[in-house]
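So the protein lines, in turn, are chains A and B.
Just so you know, we're using the numbering used here here: the first sequence kicks off at 1 and counts up by one.
Just so you know, we're using the numbering used here here: the second sequence kicks off at 367 and counts up by one.
The set of hints was computed from the structure by calculation and includes no laboratory data.
The structure displayed is predicted, hence computed values, not measured ones.
Using N, Cα and C, we set each Cβ at its ideal position, and we do this for glycine too.
Incorrect hints may have been included.
As the list claims (entries may be wrong) - Facing chain A, a subset of chain B residues (Cβ under 7 Å, in silico):
hint, residue
1, Met395
2, Ser539
3, Ile546
4, Leu547
5, Ser550
6, Gly590
7, Glu642
8, Val643
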Amino acid sequence: MEKMIDVELRNIQKKFQNNIVVHDFSLQIEKGEFISFLGPSGCGKTTTLNMIAGFLEPDEGDLLIKGKRMNGVPPYKRELGMVFQTYSLFPHMTVAENIAYGLKLRKQSKAEMQERVQRVLDLVKLPNVADRYPKQLSGGQRQRIAIARALVIEPSLLLLDEPLSNLDAKLREELRDELKRLHQEIGVTTIFVTHDQEEALSLSDRIVVLNHGSVEQIGTPTEIYHNPASEFVHTFIGKTNRLHGVVTKVEGNRMKVQTDKGFVVSALQPAKAVQEGQRVTVFIRPEKIVLSAETAPAGVNQANGQLMMTSFLGAFTECQVQAGGEILDVKVQMLEKLAGVTPGSSVLCQWHEEDVLVMPAEGDRL
Amino acid sequence: MNKRLPVLLLTAPSMIILLGVFLLPMLLMFLLSFENAQESFSFENYLLFVQDPFYVEILWRTIRVSLWTVLTTLVLAFPVAMYMAQATGKMRGIITMLILAPHLISVVIRNFGWVVVLGEGGWINQMLLSLGIIDEPLRLLYNELGVVIGLTDSFIAYMVLAIATSLYAIDPSLSKAASILGASRVRTFFTVTLPLCVPGIFAGVTLVFSLSMSAFVTPALMGGTSVKVLPVIAYEQIMSTLNWPLGAALAFLLLGSTILLVSAFTKIVETKRYKEVFAS
Chain A
1 MEKMIDVELR
11 NIQKKFQNNI
21 VVHDFSLQIE
31 KGEFISFLGP
41 SGCGKTTTLN
51 MIAGFLEPDE
61 GDLLIKGKRM
71 NGVPPYKREL
81 GMVFQTYSLF
91 PHMTVAENIA
101 YGLKLRKQSK
111 AEMQERVQRV
121 LDLVKLPNVA
131 DRYPKQLSGG
141 QRQRIAIARA
151 LVIEPSLLLL
161 DEPLSNLDAK
171 LREELRDELK
181 RLHQEIGVTT
191 IFVTHDQEEA
201 LSLSDRIVVL
211 NHGSVEQIGT
221 PTEIYHNPAS
231 EFVHTFIGKT
241 NRLHGVVTKV
251 EGNRMKVQTD
261 KGFVVSALQP
271 AKAVQEGQRV
281 TVFIRPEKIV
291 LSAETAPAGV
301 NQANGQLMMT
311 SFLGAFTECQ
321 VQAGGEILDV
331 KVQMLEKLAG
341 VTPGSSVLCQ
351 WHEEDVLVMP
361 AEGDRL
Chain B
367 MNKRLPVLLL
377 TAPSMIILLG
387 VFLLPMLLMF
397 LLSFENAQES
407 FSFENYLLFV
417 QDPFYVEILW
427 RTIRVSLWTV
437 LTTLVLAFPV
447 AMYMAQATGK
457 MRGIITMLIL
467 APHLISVVIR
477 NFGWVVVLGE
487 GGWINQMLLS
497 LGIIDEPLRL
507 LYNELGVVIG
517 LTDSFIAYMV
527 LAIATSLYAI
537 DPSLSKAASI
547 LGASRVRTFF
557 TVTLPLCVPG
567 IFAGVTLVFS
577 LSMSAFVTPA
587 LMGGTSVKVL
597 PVIAYEQIMS
607 TLNWPLGAAL
617 AFLLLGSTIL
627 LVSAFTKIVE
637 TKRYKEVFAS
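Next up, chain A with everything else stripped away, as it sits in the complex (with noise of 0.2 Å):
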């Protein structure tokens, strides 16, 4: 069976005076699918959602939802949901009244939405809210209203534009489950706006990473996080080490680099084909890096170091190692196990060449 498509970006463009916000933006959404917009603030992610909701109106493209071009039309005929940061649940309604308000322009009858309100209710599992106002209920309370509101009208959409920045660490990712159980009980598609990348990576079916209103890349999460198409995607999801250097080898789809601060580090042939003599950036994850108190003299990936500083955050310990003039980021898992290692200490860094990436060196730089 063919993929219902539920909403089609056709080259969108956007512009407010002369600065291009959002540049060529094109997207199919599935029926169902769960998708992220990601970037950093001024990326676009925001606008592009404003367009959908029809707060904005492109300058130019197309804007399809099921299949209708959507252009031009306000946002009370769109028949969306959607969940704002600030909650903007209204302070003079009641819970009940709060999702009853898109009902009641429904032209429901009393007893249907007095049912639809608490059905909506026990699936943000607060069922005993409903006579309470917004104020007396807690910030987590209040977006899983928001969110009740805006699917009781059981919307083609669900818009949500970060949608747990306003909360604190716990209850995001409390929230954040909550998102998900709601997508896979309901499987209503949505679109996320969110800055954050474990939001997006935890979250989504599909996510696409802005920058500067182009769209970097459009992945699978792991596809995102494993195989960037950018420099920026790999840095922005997740802290990573950056070395630079020169490529030295090329054997078949096995490379080496020779950095700059005097690594040999091996690797395999990139997606965009490398030459040898060419410059390169290199990239390993913090986590891919395997501490250990050995001494070996420095070799293909692997460095000696001292240890210079450590954080301890529970189930792991940032570490920061330096290694011939370069200072690597390594995230251990029980650090405390490593007998003898405490900041000072000579250690031993060392990675696999799978989990190395190179990228030709962006621009001039040395």
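Given the structure of chain A, go ahead and fit chain B onto it with the hints provided.
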């Protein structure tokens, strides 16, 4: 105790002044209002408002003119406040300045300005006459309309600022939320914006109403001899007729009716829901 003492000492000077120049004279005036021509205690002065249609009409006229002023300021101020609420900070500053600028000029001068504009030979009548829209000059002065125009000009700034302040406090994403849920702009205004600026409307209405009830200069200048309101009559009794007891009674009647109407209005506005939503 040692915490209260400094507070007591610091507030003492203003307390003594308030007591001496405000509360004490009020009390004396209040006692005076119960004096009759024979300088003995009686309710004579207050009974006038029950028995004499002249005074009943004056009280009613004062309330009527004030209510009209409240209504016109409210209707005229709302769009201005709405505009300010969505404007940039700089534009807000400019508009606030424009609204307050007329207050730099004495109300007497401003009212005379209106007399020139609204009079039978004023440019409004002249223009309408020369355009053939009217055959004889409209009476825009020395009637209740004139007083309402003058009072509206005097007090509209309070209404604009009161409403604008409460509009500023409304999260702009609320109207987005209403819109995405299916509400048109008109619907959003009546179901979200308007209910949320009730505190501002309430403050503006109370302020403008109290000020209009006690306004003296504008009714005296723009109402002429035919539209006398309570403050004007009280002034006449005290300054011209030298009937201080009646003047005092008129003043207290004004105070009493203002307090009564404002509290009745407060009672109506402050429902259980209002307290729940807006109580800090």
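Right, here's what the structure says about each hint:
no., hint, in the structure
1, Met395, "43 Å, violated"
2, Ser539, "4 Å, holds"
3, Ile546, "4 Å, holds"
4, Leu547, "4 Å, holds"
5, Ser550, "6 Å, holds"
6, Gly590, "45 Å, violated"
7, Glu642, "6 Å, holds"
8, Val643, "5 Å, holds"
Consistency with the previously given hints fails for numbers 1 and 6, ordered from lowest to highest.
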